[in-house]
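J.: Protein chains in written order, with our numbering: chain A, 1 to 108; chain B, 1001 to 1496.
Distance windows between CB atoms, simulated: (1) B:R1398 - A:P98: 40 to 46 Å; (2) B:D1326 - A:S42: 30 to 36 Å; (3) B:A1204 - A:P81: 41 to 47 Å; (4) B:Y1244 - A:T53: 52 to 58 Å; (5) A:S42 - B:R1337: 28 to 34 Å; (6) A:P49 - B:R1428: 44 to 50 Å; (7) B:A1413 - A:P54: 42 to 48 Å; (8) A:R19 - B:S1384: 47 to 53 Å; (9) B:E1126 - A:P81: 51 to 57 Å; (10) A:R102 - B:R1428: 43 to 49 Å.
Bear in mind the hints are in silico, worked out from the structure with no lab data behind them. Even glycine gets a Cβ: it sits at the ideal position worked out from N, Cα and C.
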Amino acid sequence: MSIADNPFFVLGLSPDASRIEIEREAQKLLGMLELDFADARSYQSPLGPRPRTPEAVRAAVAALRDPYRRLVAELWARHAPPAQPAAPPEPPRAPGYPGLRRRLGWRP
Amino acid sequence: MYALPYLVLIKLHQLAINARRRDRTWRYVAWSTMAALCAVLMMVLGAAFCWLMWRLGVWWLTLVAGVLLVLPLVAAPVARHVLVPLGRVKLAYWAGVASRPGTDAPALGFCFAAWAWSCRPTPSAEAWLARRRDARRPLGDAEVVVTALLLAGRGDADGARKLMRSVAMIVEVHPSVRELVGEWLAADAAERGAWRELYDDAIAARWPATPLTYLLEGIAARRLEAAGAPGRYELVARWLLAPYRRATRTLLRVPVAAPARPPEPAAAPAELPALDHLPRAVAAHLDLTTRRASAPALADTVRAWDAALADAGTHAWLSRRALELDAPLGAVDRALRDIATAVTDELARAAEAAQLAAPAALLGAVGTPLARRLRHGRLDSLESAFTRWAGRRRAGERYPSIDEWREFVALQAAYEAACSAGGDELRRLAFPHAFSTGSNMAAWLWNEHKEYALSHAISRWLLDEARAVGDTEAIELGHRNCSLTIHTRLGKVLPD
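From just these sequences and the hints, can you work out the full model?
T.: Spelled out as structure tokens, the structure:
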């Protein structure tokens, strides 16, 4: 199981959420996705923002309805570090000398 | 009148070139200057003789003298600076042959031809090159270099680099071909900014250096601030000696390295309270799987997971939550097992991607299966690759020489990668199968296909591996195999 796909992160809920809160949040998110709300199209995870789809929301609710799968999901979600905002793009690595080989007579 | 000084100059020129190939000190510049002076004098003498014959009206002797005295001196520079950039494959080949580089002149000719092809690739020239290369048997260093240059021409620089490096295992040594290999690798390393790799090659003197290689090696040493790096004036002398001065001028400006900061003392791992094991494991896991994994990070993550999954606090928390959630009986043990499996899977993937060994002496819920998974996965893939190799021999299915070589190089690379990741333990486990398969293959190639250099390279590698694992029987057999005289185009080679 990837931590980025953890049902609690997909639904944007804390691991303490009750069953009613989970169902309500899932219905709300499915409605928002149906209406193509920008806020609903992604969620925060410890690995950065991820796209949220209706299938992912339904899978998350199904997972949290199962006590055993919820137990495992809680273990990861409860102990994961806080969700990360999108990481800034890494600065380009200092390249050598692109095209040098060609300039030294060796092509390409 | 002309013959004696000309013959002396030929001898001196050859001596200077040979001395330069062996040297990487300040004398390199002196030998190069001497070789250049000899070449100029030979040109002057040759041209004067041609002119004299022309004045005497013996025009046919002018032509003969030109071909014999002047052409060998100008053929290689003309090939390099004119025919190769123009992509004139066959002319470059004949220029290489005419430059009289030694006993086996076509070897250099083919390399020039492949180099010219890489500048202007055409299907017909590639087919011509491949046909002529495959006709040259047994396999030698020139055929491997031709193939590497063909790969480079197709844009596969990684493949070309591996093949170029594999030339070091071949006992047939054409010095002029090796110079080209060294220069290609040096230019490639400089383009990638791999100055350490270039410097290591220079220190090991793996390839005879052309003036351009020698310059790039000096630049690498200066950039790494290595001991014995050339001073500014020596570097300028190397630069003046090398071709493509306009392209290399920018490289002379060595960036001033920032003063190295003393490394901060590593914080001693704090003894975390039991309840902190799980957050620490999850944080380490995320850190490892999202960045490029390193051996210390992997060991730290495995240690954290082993501690977290064995921790009584984790068990208590899971038991309490299982009760609250009304989870089925046995859910706690199953959850611990599933988490250990998922974590092991992800860590194994990260370790495989970064070619890391399993951390030693970590025998917990994650450490043990991870070590087993990594070792077995690598051994299985190695064994199946060597088994395919053996199966081909049993079926008598022979590839063209160059493809046999490429398969061996690929297998060797896979073996080395697996052993460097799996450590000595995996090396000892993998060696017997590799040895039996490789020895049979080497014998088959030697006895039935007369591929002496190829067979010797396999035997040599197996002998080195046998020494690494301390297998005395294999060492003895390896010594016997490696002591056989190898027939090459340049004559018989007696191994060390």
